[in-house]
Amino acid sequence: NAGVTQTPKFRVLKTGQSMTLLCAQDMNHEYMYWYRQDPGMGLRLIHYSVGEGTTAKGEVPDGYNVSRLKKQNFLLGLESAAPSQTSVYFCASTSDRRGTEAFFGQGTRLTVV
Amino acid sequence: KQEVTQIPAALSVPEGENLVLNCSFTDSAIYNLQWFRQDPGKGLTSLLLIQSSQREQTSGRLNASLDKSSGRSTLYIAASQPGDSATYLCAVRSNSGYALNFGKGTSLLVTP
Numbered sequence: 059n060a061g062v063t064q065t066p067k068f069r070v071l072k073t074g075q076s077m078t079l080l081c082a083q084d085m086n087h088e089y090m091y092w093y094r095q096d097p098g099m100g101l102r103l104i105h106y107s108v109g110e111g112t113t114a115k116g117e118v119p120d121g122y123n124v125s126r127l128k129k130q131n132f133l134l135g136l137e138s139a140a141p142s143q144t145s146v147y148f149c150a151s152t153s154d155r156r157g158t159e160a161f162f163g164q165g166t167r168l169t170v171v
Numbered sequence: 513k514q515e516v517t518q519i520p521a522a523l524s525v526p527e528g529e530n531l532v533l534n535c536s537f538t539d540s541a542i543y544n545l546q547w548f549r550q551d552p553g554k555g556l557t558s559l560l561l562i563q564s565s566q567r568e569q570t571s572g573r574l575n576a577s578l579d580k581s582s583g584r585s586t587l588y589i590a591a592s593q594p595g596d597s598a599t600y601l602c603a604v605r606s607n608s609g610y611a612l613n614f615g616k617g618t619s620l621l622v623t624p
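Residue numbers (the working numbering), protein chains in the order written: chain A, 59 to 171; chain B, 513 to 624.
With the rest of the complex left out, here is chain A (with noise of 0.2 Å):
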């Protein structure tokens, strides 16, 4: 059961660099989500998609763009990366949007430097 996958799992960029972070999931998921953890802020959203084709923003979008072209995938971009886009950045994915658990994937550990 490979369940929520992230690739890849470490990236070091330099500042202006470009980069697309890809989640996979194979629960038929409708529901993905991007959120960054930073050390003392918790996670924080990112971006959403409620289901094949839509995205939308989240707490802290700015920096970041996604696609929702296939339901199994979720892909965060970003297009000119700045040092405080350091983080570990973690996607998880939920059936729907009341009462069920949410999986999440290992993560990938991005520096900017």
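Incorrect hints may appear among the rest.
Stated by the list, open to error - Below, computed lysine to any residue pairings styled on SDA-like, alpha-carbon distance capped at 20 Å:
hint, chain 1, residue 1, chain 2, residue 2
1, A, Lys129, B, Tyr610
2, B, Lys616, A, Phe161
3, B, Lys513, A, Gln95
4, B, Lys554, A, Thr144
5, B, Lys513, A, Gly116
6, B, Lys554, A, Gln164
7, B, Lys554, A, Phe68
8, B, Lys554, A, Phe161
Read the hints as simulated data drawn from the structure, not as lab findings.
Assemble chain B onto chain A, guided by the hints.
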């Protein structure tokens, strides 16, 4: 906006003790509350999920309670072990939003 607070921020106990971790939230209109465990450098592992209509859930040595009206949940760990050392996160799914709102966690250290 739903605010989730976890107390204490850090806790150190000797092996064998029973302990309680606290989570409070400001908006009682929730769908559910979920407790997670996070080991250093790792992802989040779901421990217990409590629906808004439930009062508690149990899994092995873990018991989570929910008092929705007062905006509180507790995670009780019985007979703690060094392997329980981790950060424990509380997350709430509100009626008004799509995502989980997290507390900042309680860092637990169980010493042999």
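Query - Violating hint indices (sorted, rising) - result: Every hint satisfied by this model.
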